[in-house]
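Take any residue in the sequence shown, note its place counting from 1, add 42, and you have its number in the working numbering.
Hints listed in this document are in silico derivations from the structure and should not be mistaken for laboratory results.
A quick note: this is a predicted structure, and the numbers were derived from the prediction, not measured.
Treat the hints with care, since some could be wrong.
Said to hold, decoys possible - As a list, the in silico DMTMM-like pairs of lysine to aspartate or glutamate whose alpha-carbon atoms are at most 20 Å apart:
1. K132 / D212
2. K276 / E324
3. K179 / D85
4. K456 / E526
5. K472 / E610
6. K568 / D548
7. K598 / E546
8. K276 / E215
9. K132 / E239
10. K276 / D253
11. K276 / D212
12. K598 / D548
13. K425 / D436
14. K472 / D322
15. K568 / E610
16. K132 / E166
17. K425 / D390
18. K598 / D542
19. K301 / D436
20. K472 / D542
21. K301 / D253
22. K276 / D222
23. K179 / E239
24. K568 / E324
25. K132 / D253
26. K425 / D85
Said to hold, decoys possible - Pair by pair, the computed Cβ-Cβ distance ranges are:
27. G223 / A94: 42 to 50 Å
28. R481 / A556: 27 to 35 Å
29. D222 / A556: 43 to 51 Å
30. R516 / A146: 49 to 57 Å
For every residue, glycine included, the Cβ atom is placed at its ideal position computed from N, Cα and C.
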Amino acid sequence: MIRINSRLTELLVRVFLICWAFGNALPIAAQTPAGSRTTYNADFQALYEAPATGTAAFVRAWVLREVSHVPITTYVQDAALPDLCFFDSKIGEVFGDRFGDNLASINPPIERTLASSLRVLRGERTDVLRLVTAALKPRGVEVLAGVRMSDTHHRRIAWDEGLCPRFTIDHPEWVIRQPDGRTNETALDYSHPGVREHRLAIMRELATAYDIDGLELNFIRWGKHFPRDEGAAKAPIMTEFIGQVRAMLDEAARGRGRKHLVLGVRVPEGIRECWLAGLDPETWVRRGWIDYLVASPFNETSPQVRVEEFRRFTLGRAQLLASMGDMIGGTWTGLPRVSGRGLAQFSDSYGGMLMTPPEARAAASNFYAWGAEGIAFWNVGTKMGLSLGRWSPDQAAAQHERLWAWMNAAVDRKNLDRAERHYHYLPLHKWGADPAPPRRNYAWYGSGQSPLGTLSTQILHFPNSVIGMRQPYRFRMADGRNGEPVDATVRFKMLHLGADGAVEIDLNGRPVPAANIHRSPLDPDKLGLPGTQFELTLARWSHFRGDNILGVILQKQTAGAAVPYLEELEAIVP
Numbered sequence: 043m044i045r046i047n048s049r050l051t052e053l054l055v056r057v058f059l060i061c062w063a064f065g066n067a068l069p070i071a072a073q074t075p076a077g078s079r080t081t082y083n084a085d086f087q088a089l090y091e092a093p094a095t096g097t098a099a100f101v102r103a104w105v106l107r108e109v110s111h112v113p114i115t116t117y118v119q120d121a122a123l124p125d126l127c128f129f130d131s132k133i134g135e136v137f138g139d140r141f142g143d144n145l146a147s148i149n150p151p152i153e154r155t156l157a158s159s160l161r162v163l164r165g166e167r168t169d170v171l172r173l174v175t176a177a178l179k180p181r182g183v184e185v186l187a188g189v190r191m192s193d194t195h196h197r198r199i200a201w202d203e204g205l206c207p208r209f210t211i212d213h214p215e216w217v218i219r220q221p222d223g224r225t226n227e228t229a230l231d232y233s234h235p236g237v238r239e240h241r242l243a244i245m246r247e248l249a250t251a252y253d254i255d256g257l258e259l260n261f262i263r264w265g266k267h268f269p270r271d272e273g274a275a276k277a278p279i280m281t282e283f284i285g286q287v288r289a290m291l292d293e294a295a296r297g298r299g300r301k302h303l304v305l306g307v308r309v310p311e312g313i314r315e316c317w318l319a320g321l322d323p324e325t326w327v328r329r330g331w332i333d334y335l336v337a338s339p340f341n342e343t344s345p346q347v348r349v350e351e352f353r354r355f356t357l358g359r360a361q362l363l364a365s366m367g368d369m370i371g372g373t374w375t376g377l378p379r380v381s382g383r384g385l386a387q388f389s390d391s392y393g394g395m396l397m398t399p400p401e402a403r404a405a406a407s408n409f410y411a412w413g414a415e416g417i418a419f420w421n422v423g424t425k426m427g428l429s430l431g432r433w434s435p436d437q438a439a440a441q442h443e444r445l446w447a448w449m450n451a452a453v454d455r456k457n458l459d460r461a462e463r464h465y466h467y468l469p470l471h472k473w474g475a476d477p478a479p480p481r482r483n484y485a486w487y488g489s490g491q492s493p494l495g496t497l498s499t500q501i502l503h504f505p506n507s508v509i510g511m512r513q514p515y516r517f518r519m520a521d522g523r524n525g526e527p528v529d530a531t532v533r534f535k536m537l538h539l540g541a542d543g544a545v546e547i548d549l550n551g552r553p554v555p556a557a558n559i560h561r562s563p564l565d566p567d568k569l570g571l572p573g574t575q576f577e578l579t580l581a582r583w584s585h586f587r588g589d590n591i592l593g594v595i596l597q598k599q600t601a602g603a604a605v606p607y608l609e610e611l612e613a614i615v616p
């Protein structure tokens, strides 16, 4: 990894100062309802992009930029992964320390800059967590240390693998033995007391040695805490551990003269997925251990997340937040090509799609309608700089404005229905390259399945065997959920459907009149695939039901043509 040169650093600082001086030209921070949290998760992007000199000042300016344009109430700075520490730990292994003066031997090379930045800060008698607390607590921002409970960005257990903790290298007998027989598992099994004791000691150090307001435990990186076929059976082990964390925080609070230290948890998006990961958040909440819970997909924003599964037991006990990140299209990098999204895409595929304000308003509308009390921003910080030199300062400034615009749109509950909502449903876990071991080491990797086990990817295929049969596409939409009339445009593509393909369409069992359906051929030169686009114009439509079903019946298809399919749906409410 080559360091950002001094010229780029100077330009980035200028961009920051310009944004600071002319804040009124940028999106104005929305108002968050009193008592609700808006959390922001920060990883180590600032350290990856920091210059070799003036590192502390660079990180401080970065952090202030992150919170100056959106009403962030709670800033979560990742601090441990969980055995590898990114603060000046005396208990855990500080990232890069075991390499001594030979940082060049760290793999992959990008991690060498991260290790170097940590050392520079240590030479300045500080670290990223101290910089964050010093910068934000005087501004009234709650600061938590983030602990990733099972991060396995490292796919092998080896000394030169920078993100592989020495604790794992020293204890191969504690590595999870997965039932699929994989040889590249690197996560440790919480069944072993030594694993829990070591990680609790690191958390205790954070709670006692730093002026933080508590901890956020991140269970979606990567949802591997026990063998994947033993999650539900071993959930009581994790429950006991969470009780120990709560007791430790209470003790630390007393020692620091505090009434309370916060414990937040970021868990997989549904109760089923929590059980797969060995998590029982309902028990944690009912026992009074948790201050807030984030329902979180693996790495994207999905308007289909069913937050009400958690609302059932969080109401009156813990704040329920919904996770939102900048990525909305999932993992697919193949055809059809995507275009026309302006700044809100970094490649011409679903996997390159980024959030827009109308899409943010739609997703947030769903979350609030079904019980979320706030938003937890995830993985947004990776785009708060120059994206590791991929952007010019001007490009970075434009992307920052785009980010702030959709983030403010999502938290501005009072004005959600005063501007366009663009509900966008995509095949989030349509995999291109096979995600199974040994290529990756996800817990789950089935077709259409997220790494956390979620089965929400919808792709409707229309082979000859289903001609004349109704195929359902399910979509959640807050607008019209109570039967109130809504003006909406519903749009979808049937790829490989020819001009003579005969289709019947209904919404929630009610046929859509032919006069309301406009169909047009797709441009194969533009998309890379042929097909037909359907646009349903629905004026004062009173047949939405919140959880909706688009019914599609293919009555006729061109003989010999490829099998048509439908995988993307849009519903636009002005």
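Evaluation of the provided hints:
1. K132 / D212: holds, 18 Å
2. K276 / E324: holds, 15 Å
3. K179 / D85: At roughly 18 Å apart (the allowed maximum being 20 Å), D85 and K179 satisfy the hint.
4. K456 / E526: Holds, at roughly 19 Å.
5. K472 / E610: Holds. K472 to E610 sits at ~12 Å (cutoff 20 Å).
6. K568 / D548: violated, 29 Å
7. K598 / E546: The given pair, whose Cα atoms are some 10 Å apart, holds under the 20 Å limit.
8. K276 / E215: The hint holds at about 18 Å.
9. K132 / E239: holds, 15 Å
10. K276 / D253: violated, 34 Å
11. K276 / D212: violated, 24 Å
12. K598 / D548: Since the Cα atoms of K598 and D548 sit roughly 17 Å apart, the hinted pair holds (cutoff 20 Å).
13. K425 / D436: holds, 13 Å
14. K472 / D322: violated, 28 Å
15. K568 / E610: Distance of about 17 Å is within 20 Å: holds.
16. K132 / E166: Answer holds: K132 to E166 is near 17 Å, not above 20 Å.
17. K425 / D390: holds, 18 Å
18. K598 / D542: The hint holds at about 8 Å.
19. K301 / D436: violated, 46 Å
20. K472 / D542: Violated: K472 and D542 sit about 28 Å apart, past 20 Å.
21. K301 / D253: The hint holds at about 14 Å.
22. K276 / D222: Holds, at about 18 Å.
23. K179 / E239: With Cα atoms ~30 Å apart, K179 and E239 exceed 20 Å; violated.
24. K568 / E324: violated, 48 Å
25. K132 / D253: Holds - the C-alpha atoms of D253 and K132 are around 16 Å apart, at most 20 Å.
26. K425 / D85: holds, 11 Å
27. G223 / A94: 42 to 50 Å: holds, 45 Å
28. R481 / A556: 27 to 35 Å: violated, 47 Å
29. D222 / A556: 43 to 51 Å: holds, 50 Å
30. R516 / A146: 49 to 57 Å: holds, 52 Å
Going down the numbered hints, you'll see the structure goes against 6, 10, 11, 14, 19, 20, 23, 24, 28, while the others check out.
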